[in-house]
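S.K.: Protein chains in written order, with this note's numbering: chain A, 1 to 506; chain B, 1001 to 1506.
Just so you know, the hints here were simulated from the structure itself, not pulled from any lab data.
Just so it is clear, CB atoms sit at the ideal spot from N, CA and C, and this is done for glycine as well.
Partner residues are not named here, just some residues of chain B that face chain A (Cβ under 7 Å, in silico):
#, residue
1, T1043
2, G1111
3, A1211
4, L1315
5, D1319
Listed next, the stretches of chain A that the computed footprint assigns to chain B, with coverage defined by at least 3 CB atoms under 8 Å from CB atoms of chain B:
#, region
6, 26-32
7, 42-51
8, 199-212
9, 219-231
10, 309-321
There are 2 protein chains.
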Amino acid sequence: MNQPGAGYSGYFDAAAGLPPHPVAAEAMQAAWQDGWADPSRLTGAGRRSAVLLDAARQAAATELGVRPDELSFLPSGVHALQQAVLGSLAGRRRAGTVLLHSAVEHSAVFGAADWHRQHGGEVLVAGVDPAGRVDLDEFVELARRPGVATAVLQAANHEVGTRQPVAEAARQLAGIGVPLVVDAGHELVYGQAPAGVPIFTADARLWGGPAGVGLLVTRQGSRWRPPFPVDEAESGRATGTPNVPAIVAAVASLRATRADRAAEGRRLAGLIEQIRQQVPRTVADTVVLGPDDPAGRLPHLVTFSCLYLDGEALLTEFDRRGFAVSSGSSCTADTLTPSHVLVAMGALTSGNVRISLHPGVGQTDVERFLAVLPEAVAIVRAQAPGSSPGVLPGVLPGDLAAGAVGSLGAGQADAPSGTLPRGQRSAPDGLAGSVLDSRGRRCPLPVLDLARALPGVDIGSELTVLADDPAAASDLAAWCRMRGQQLVDQTVLDSGGTAYRVRRLR
Amino acid sequence: MNQPGAGYSGYFDAAAGLPPHPVAAEAMQAAWQDGWADPSRLTGAGRRSAVLLDAARQAAATELGVRPDELSFLPSGVHALQQAVLGSLAGRRRAGTVLLHSAVEHSAVFGAADWHRQHGGEVLVAGVDPAGRVDLDEFVELARRPGVATAVLQAANHEVGTRQPVAEAARQLAGIGVPLVVDAGHELVYGQAPAGVPIFTADARLWGGPAGVGLLVTRQGSRWRPPFPVDEAESGRATGTPNVPAIVAAVASLRATRADRAAEGRRLAGLIEQIRQQVPRTVADTVVLGPDDPAGRLPHLVTFSCLYLDGEALLTEFDRRGFAVSSGSSCTADTLTPSHVLVAMGALTSGNVRISLHPGVGQTDVERFLAVLPEAVAIVRAQAPGSSPGVLPGVLPGDLAAGAVGSLGAGQADAPSGTLPRGQRSAPDGLAGSVLDSRGRRCPLPVLDLARALPGVDIGSELTVLADDPAAASDLAAWCRMRGQQLVDQTVLDSGGTAYRVRRLR
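So that you can see chain A by itself, here it is in the shape it has in the complex:
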């Protein structure tokens, strides 16, 4: 097993962390005997540890184009990112207490922003276009607001692969004196280290390093200060004894991965392009997300969403067939909320699938996946609770013909429970007209309810869908766009949930 990722040909979830790179495993084992001691101790064991740590720091700094004293090792990519953001705010307290970040950052940035807000700070969020790209003009405009102390922008998005204009953002922000913190993570694997950026971070798990290593770069002149208690470790920039064997392994795999990055990036980009082309052709009611232009996205990652699909059931179906993928659907998360990235893009969150490849995945693996995808989707669509008994594997729900509003699914235990009987005039909260109550029903059911009910409404007339699933806002809007129908407006109800007014156009 000398090929990275060998034995993981069905693992399409590289962006959640790679299996250990062979050189990481070797380096870890070698460093285990000589790197276990605290490198700050004045003992032989401590000195041997310090030699390994210094060498690893020097090698990683060279790879990243920074000075060794600008690079610290933290216990994870999330630690590094949170400390980058909050440490930049701490160092810039005189400038103000406002944090700016894009709407599609890693959840660690949102966690840091929540913490900052709870401790008296303010947070501004810059939106993105439907491809997930931040509006640079808006971003810079927000950064000019009084009191903005730090801005955060990822190099590339971890869910849809969209590259952000970090170099240009850093240049413009430098002009107005606001430091940019960049989450370099996924871009660093096959792309460039951020240049001209005062602070950036990375997570070693993304290139086959072990858990337990995050990289934090604070360039000379940046006003970063430790936001949390520190001790003497890592020149006062980290806490606890450095995990030297893991650091050595992380750096070895970084260099090995990046040595091959141009060729491997091209190879993976080809496989991803194949997926992007083929998925919409073989699976109905599916949208591929992210920029069409290959230069505008990561080479190894693609995301698509499928209507009328329970994301968790789809993951289970793929898993059964030997493929590991990820999903930003609400039904696969503990929180029951859909991915904030997909919501910010206004994308369909239902049946969301993220595929992220790695050196252990070959052409035949992608072809195997593409071959099983249509059937897997059909099976899961057929299993959706409340789906029409007439929908069978192979029959695409795009052809669903549903009954009229008010009688739809009546008598079925898992059908919309509050559908108003025909003729009833007093809708909840004074809503008039046809009303479909999908409250209490989770993704993908509200969209499925709408898809079945709308054909029962006259063309030009309206149907109001009541829903309290957090995914409904994104998904009903996305459905209307995909189907050429009109989402007229939406109103939060006093009685709970939101009313979505949909006009049937065709």
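Model the placement of chain B on the given structure of chain A, informed by the hints.
M.R.: Leaving out everything else, chain B in the frame of chain A:
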């Protein structure tokens, strides 16, 4: 190498972290292939990781006598301890913002306390007796003060081995509604897990686990809340993907170490007792620190201090002879301040040596150490800058006879520079009488200056030593106690440093 610590027979610095336990190395290697993935992912790799993590958590919880859901894994013992303290304060904000801890806690507690103070909190510190044991009555009395939200007490001290009355403290504090946070670290290796304590922590490096694993136990009913941003890891109690292979290795070595703890504890206690007996007999001007009663201290750790010794030079001398020890002397630390533990005890900090043993150290290793100790001390004492040229290896500086005040060392570049010439009346800041200016001179020189100069003063008369080394306060007082002389008082000088008034009694 199946014996833990084999190959490290001269490594007497176990309290700074042990070489990897053989079962840790095995477990790490086994878990490396199956535990690399994020255990929260809904993929096959994620599930295999989760199975390993669950099993490790269950095993560790059983070993510690707690429930699995009360135990979290953090990236280091320092992380765990800081989060234990600040998380208890966060969870008890309604009760107040006062933190109480003993004066001899781990530096992580002082780091957390500084942070708490900078963020608007208050901190109370309870003193210790000369053996390093907290005064329980004072501790509980301070805990009764209004606004005390959390109290912190270590199970046993990491520098001198003194056991603290944690069980009794927890009982009394429970009675007044103040939760106790216990740093269980060193006690956990050969002793008991804390019982009846709401929150406690440990560091896997102390029992031969890998770096990167700290344990945090928050018992049911404790009001702990995450003090820093968290994500979903470890049920919201930690940040970043859990380092599963390291956790598995940490737990395997915890169980293996504790399986043998009674016999191993007895064996090491015998070796430590031998060191405690022999050091004062073979090395003049030396004090052994910590409680005399073996039940009152850790079995595997002993600390002593030697007059007229540069701690760093002594460590280097031991290192040259194949022994790794630790020191709380100021000259071995980056900060130039002596160990806060030794200062709180009022102990001599000069020439401080901490020895902490482990399973790989045998009787013959301790005998080798005891055989080289007197010569090593004599060599380093002879090398001290400004020491009398007449002092040679084997000649103990306790016999030093120095010249008269005012002429002592005159003309020597590294002798006290500001010694007042005889007859000069106007001493700095209006000090009268014989004055020895040791300002600008570092440990162990101020004590050496006093030892040389005092014989030049008449019995019953006084000599004032000016010193600005932070170690001087502890060390001049300790010297006077050891020599039967009287430290009359001490005064901070406007011109910098402190004036110590010493009366010659004999």
